[in-house]
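As given, the protein sequences belong to chains A and B, one line each in that order.
Going by our numbering, the first residue of the first sequence is number 1, and it counts up by one from there.
Going by our numbering, the first residue of the second sequence is number 1, and it counts up by one from there.
By construction, these hints were calculated from the structure, which means they are not laboratory data.
Hints should not be assumed to be uniformly reliable.
Simulated pairs of lysine-lysine, DSS-like, Cα-Cα distance not exceeding 25 Å [as the list claims (entries may be wrong)]:
#1 Lys136(B) <-> Lys38(A)
#2 Lys13(B) <-> Lys39(B)
#3 Lys70(B) <-> Lys38(A)
#4 Lys136(B) <-> Lys39(B)
#5 Lys67(B) <-> Lys37(A)
#6 Lys91(A) <-> Lys69(A)
#7 Lys70(B) <-> Lys23(A)
Chain by chain, the residues:
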Amino acid sequence: MNINLTLIGQLLSFAVFVWFTMKYVWTPIMGALETRKKEIADGLAAAERGQHEQELAKERAKDVLHEAKAQAAEIVAQAQKRAAEIVDESKDTARVEGDRILTAAQSEIEQEANRAREQLREKVGMLAVAGAEKILKKEISADAHQDIVTALAKEI
Amino acid sequence: MAGDALTSGEYIKHHLTNLTFGQHPDGSWGIAHSAAEAKEMGFWAIHVDTMFWSIALGVLFLYFFSKAAKTATQGVPGGLQNFVEWIVEFIDTSVRGSFSSRNSLVAPLALTIFVWIFLQNLMDLVPVDVIPELAKLLGIHYMKVVPSTDPNATFGMAIGVFLLVLFYSIKIKGVGGFAGELTLQPFSSTNPIVNLLFIPVNFILEFVSLIAKPISLALRLFGNMYAGEMIFILIAIMYNAGLILGLFGGVLQLGWAIFHILIITLQAFIFMTLTIVYLDMAHHEH
Numbered sequence: 001m002n003i004n005l006t007l008i009g010q011l012l013s014f015a016v017f018v019w020f021t022m023k024y025v026w027t028p029i030m031g032a033l034e035t036r037k038k039e040i041a042d043g044l045a046a047a048e049r050g051q052h053e054q055e056l057a058k059e060r061a062k063d064v065l066h067e068a069k070a071q072a073a074e075i076v077a078q079a080q081k082r083a084a085e086i087v088d089e090s091k092d093t094a095r096v097e098g099d100r101i102l103t104a105a106q107s108e109i110e111q112e113a114n115r116a117r118e119q120l121r122e123k124v125g126m127l128a129v130a131g132a133e134k135i136l137k138k139e140i141s142a143d144a145h146q147d148i149v150t151a152l153a154k155e156i
Numbered sequence: 001m002a003g004d005a006l007t008s009g010e011y012i013k014h015h016l017t018n019l020t021f022g023q024h025p026d027g028s029w030g031i032a033h034s035a036a037e038a039k040e041m042g043f044w045a046i047h048v049d050t051m052f053w054s055i056a057l058g059v060l061f062l063y064f065f066s067k068a069a070k071t072a073t074q075g076v077p078g079g080l081q082n083f084v085e086w087i088v089e090f091i092d093t094s095v096r097g098s099f100s101s102r103n104s105l106v107a108p109l110a111l112t113i114f115v116w117i118f119l120q121n122l123m124d125l126v127p128v129d130v131i132p133e134l135a136k137l138l139g140i141h142y143m144k145v146v147p148s149t150d151p152n153a154t155f156g157m158a159i160g161v162f163l164l165v166l167f168y169s170i171k172i173k174g175v176g177g178f179a180g181e182l183t184l185q186p187f188s189s190t191n192p193i194v195n196l197l198f199i200p201v202n203f204i205l206e207f208v209s210l211i212a213k214p215i216s217l218a219l220r221l222f223g224n225m226y227a228g229e230m231i232f233i234l235i236a237i238m239y240n241a242g243l244i245l246g247l248f249g250g251v252l253q254l255g256w257a258i259f260h261i262l263i264i265t266l267q268a269f270i271f272m273t274l275t276i277v278y279l280d281m282a283h284h285e286h
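So that you can see chain B by itself, here it is in the shape it has in the complex (with noise of 0.2 Å):
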């Protein structure tokens, strides 16, 4: 399937390209046909491709779960709504085991994070030439099919979870609180040339692991899908290299796609866990 004219290692390359949409370096604006060109574009481009795949899983996700809350009722409830108030349910057990502070954004943001990377998630299980072929028919080279193998994907929700989190960390402690926290420990001592000598350490260590949470969150999904799909990827090249291989890469492909049910619904609960838990944090006093 990877078509004859392109080696193993292109066509790797060519399902590893986004469809990116930006200024080409002549000053027109357009589709990269390539990926140097892509990333010739540089800051001021747009991955079509993620963007429409993660907005469409979104709005799937929005629409059925809109759709039983507005059919909600306190009767007997039907299966999309039994299903709905299941996980509704779940992530409410989850965010009142971790999160001990009262804020009502806490637990839709859980909800929404989990579903909605568990949607992008679960576009790993499609096979990895279906919808890239499908887009070729319509004449679209680059289709990757996965958001959160998009570093772009995960680092935004990353950032919009760490922006959550400095956010109630200055609500909650205050500014000077905050800073306090940033500063005055894990070191501190009563006499207050020492502590102030202690300040610029404090501060290092405590800026890395406060930086560390969003990086570690964004890196752990993409480099879990990442790999994932590279895996998918190398067994189908396996199709390629006549019958017996192909179906052993079939068998494969089977144990993978299995065994990544696993991965692509951990990972979203850890994001999940992860976001509760530093906003936990960012709630509570040290």
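Here chain A stands alone, though its shape is the one from the complex (with noise of 0.2 Å):
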């Protein structure tokens, strides 16, 4: 229980500790907590953004459906539309065309039935030249009384 150069001793190797602690100890320990704390934070941060920018997107991606649904339906309207479109179109004009060939036809058949009234016309109007000229003998020829006869043949 001597107080002697153990003393002295003690201090200087407490210093020795001290100055190797602040060089060796501590400054490396509390840079690499600082580094770790930072990183950490920065970690959470990053997550958060995430988190953000994953909402931001899934209320992007709703819009998007959204639109599409929407535009889809715009198309298939647009389409129905059409296809009704197409079918008065086709139904008007099958309209269109009946109605012509069947005025074509009706007009057919009326020249044909006034060539037939025509053709009868002329064999009546002959008929009777023909019979004019047994009873006239021979004094009406069928050249020189042509358009008596057409004449006639018009009046029948």
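Using the hints, put the two standalone chains together into the complex.
Laid out in structure tokens, this is it:
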């Protein structure tokens, strides 16, 4: 229990230990702790940012989906409308065509009838001329009185 | 275990004697062979056991801590690093709590004080006879393994702290400011002549309180550890007094050792906290 040189020895070794701790223990450990703290904070911030972005993306996806649905519905409606139009159009076309065909047929029939009537009229004229010839004997030639025959035929 | 040749008194005395190296009265240098011889060597002698154990423990502390510091990464820490970081953060919290100025020396100082004193005190838990008996086998007759039961060790640290307190007091407040702190309070007067008369009174009061800091630091640690060591030695004496008392002594030693774990940690913590507080006071103007 004597106070002696040990005191100085302890004082010096204490000083050396403190210096060593300061230089090689405290500074690097606190540095590592600070760096880690910062990194964790950064990581948390990044995670939060990611979450936020995900939410935004979800919202955006919802919007896009909504838009796509609306577009699809529009397209379907347009297609339906177009189909109805096409059906209507073809109905119209068919009706017009039918009418045209009907008209053409009618006019042809009329023409045929007219032609037949004309022929009949001519024949009747001829018959009348022949009859008149027989009655008048030689007095009237068919060539000389052609205009009369035609006029007669027209009157029939 | 005390050896049949020794009485209880001699046993205790043997355990409380340091392995001292110094100059014998006849002029030759060597190890003291008795407490009386050690005393005769005076100031120019050295306690080899105190120096050896304290430096060995300090080196052990620095080895593990600097190893952890060298491999310290910002990634996921391993076992040793976790432990070291836990202590470092504990010290950092204590320093932040008690020390309000900025000084990069204080925290490492506190860490060194805490761990070093803790390890020194921890030697107290090694049964008192184990290391001395092993040393005896090597031919060393005195071995006091707990450095903090040597006042040289505790005063060494306390004086170190005291020098820092003086250094920072003068650095922060200047020689005049520090002298003023010692002489112009607690009593002061607006009358300069009365103030002049107060100076010696103030100086006596402040000087005592200044000197009391290192002395109380050193003696508190020394006293606690010395008393604890003494009780361990007294319990160890019971091992020689028959089977029943020996078993009773074993139970007592276990109980005291468990209680002593608290004292060991507490004394290290008190020394550290008071160091921080004293240095904080040195950084503050009054």
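- request: Any hints from earlier that this structure breaks? Give me their numbers in increasing order, please.
  value: Numbers 1, 6, in rising order.
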